[in-house]
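Student: Please construct the entire structure, taking both the sequences and the accompanying hints into account.
As a plain string of letters, each chain reads:
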Amino acid sequence: MPKVKIKRKSTAIDMTAMCDVAFLLLTFFMLTSNLIQKEPVVVNTPASISDIKIPDRNIIAILVDSKGKVFFGIDGQENRIQLLTKMGGAYNINFSAAELKEFSLINKFGVPINMMKSYLSLKSDERDIPKNALGIPCDSLDNQFKNWVRFAKGINKDYRIAIKADQTTAYPVIKRLMGSLQDIGESRYNLLTSLKGIRDYE
Amino acid sequence: MSEVAQNNNQGKKKGKTKKMSTRVDFTPMVDLGFLLITFFMLATTLSKPQTMEIALPSKDKVEEKDQSNIKASRAVTILLGKDNKIFYYEGTREHDIDPELIEANYSPTGIRQFLLKKNYEVMVKVRNLRIEKESKKLSDKEFEKRKDEIIGDKKAPIVCIKGTDASSYKNLIDILDEMAICNIGRYAIMDITPFDLELLAKKGL
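So the protein sequences, as listed, match chains A and B.
For reference, each letter of the first sequence is one residue, going 1 to 202 in my numbering.
For reference, each letter of the second sequence is one residue, going 1 to 205 in my numbering.
Mixed in with the good hints, there may be bad ones.
Claimed, not checked - To be clear about the criterion: a stretch of chain A counts as covered by chain B if any three or more of its residues have a C-beta under 8 angstroms from a C-beta of chain B, and this derived list gives those stretches:
(1) 14-24
(2) 79-92
(3) 97-107
(4) 113-126
(5) 188-194
Derived by calculation from the structure, the hints in this document are not laboratory data.
For every residue, glycine included, the Cβ atom is placed at its ideal position computed from N, Cα and C.
Tutor: Take a look at the structure:
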């Protein structure tokens with residue numbers, strides 16, 4: 001009897017197809033994704049049953065951390081430059097072109113306006129440590145927050161206000177924010193939440 | 001004479017150029033592709049955050065509203081207390097008799113039971129509307145429009161939400177959720193009054 005010869009198969013696989021798939025997926029992710037924006041503080045939003053999505057653009061983002069520090073940010077680099085110029089004008093601070101440029105790259109900030117110059121001179125990783133991120137003053141004595149929002153609204157009327165606050169943020173802080181917004185006639189705004197299902201609805 | 005020697009060596013392949021395989025090993029390229037995919041998947045926000053839209057009356061309107069007193073029988077005041085407690089009372093002080101302050105919580109068996117009972121008529125109407133929507137295939141727009149009409153009913157209870165200084169943002173969101181669940185269309189977030197604090201103080205809080 002002749003021996004059965006086992007045919008040797010090559011172990012090399014044609015990778016072309018797999019390569020196609022990989023790059024197809026890559027293209028998909030690149031086109032559909034919007035990158036995570038870095039936030040100066042970690043905020044745990046409370047859950048709610050509301051399921052309206054927030055739009056991507058034209059947002060005035062207000063971030064409140066658990067200790068009540070207020071952070072502020074708008075989108076659009078051009079708008080940011082305009083905003084800081086206006087704000088500097090209101091508080092008699094002149095910002096140089098380099099400072100304006102630096103400011104336009106910051107997503108969200110939380111410093112009083114008189115400290116903005118030293119804040120902008122810091123390195124980006126030093127900005128978010130608690131010592132430097134003091135929060136925007138928002139009390140009745142010195143309400144810079146109100147001015148930020150008012151000027152931002154002045155630049156682009158379509159801006160929507162979105163407040164993102166931590167679960168444990170004390171209510172008086174929120175009340176003060178809402179009061180400030182009410183003072184400048186901003187009565188419609190969004191509160192960011194995470195999703196939860198409705199337990200035994202109805 | 002090396003040329004001759006070469007010719008002798010390659011005599012068999014004379015005139016033929018060496019055929020190179022056109023196959024390229026794609027494995028590293030696949031590696032690269034998947035690496036980038038992984039990066040993009042980790043660096044993207046997959047879900048947009050949810051939002052809750054609220055519209056508060058502007059300051060001058062609030063004063064107007066205060067003047068035209070809300071009918072006491074329909075008014076419900078909810079006080080957000082500390083440690084996730086809620087207190088509520090109906091109406092206001094009448095003939096020197098204080099309304100009873102009742103304690104509740106944010107669970108489905110807490111304040112929701114009370115609000116559902118209070119808002120029973122509207123709840124039934126909304127439920128019927130939802131059934132009608134499913135059987136008659138009402139469009140979403142139509143549904144929303146009719147729902148707004150129902151929950152804006154003049155006879156429906158009016159809820160005043162007042163947070164004490166000890167309550168948190170989560171409490172506010174939770175109570176606004178309850179408003180949505182109980183289909184309460186008329187509610188307002190207000191500042192706490194001395195009267196409310198007095199009621200709380202009487203309860204020893």
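Student: Name the hints, by number, that the structure is in violation of.
Tutor: Violated: hints 2, 3 and 4.
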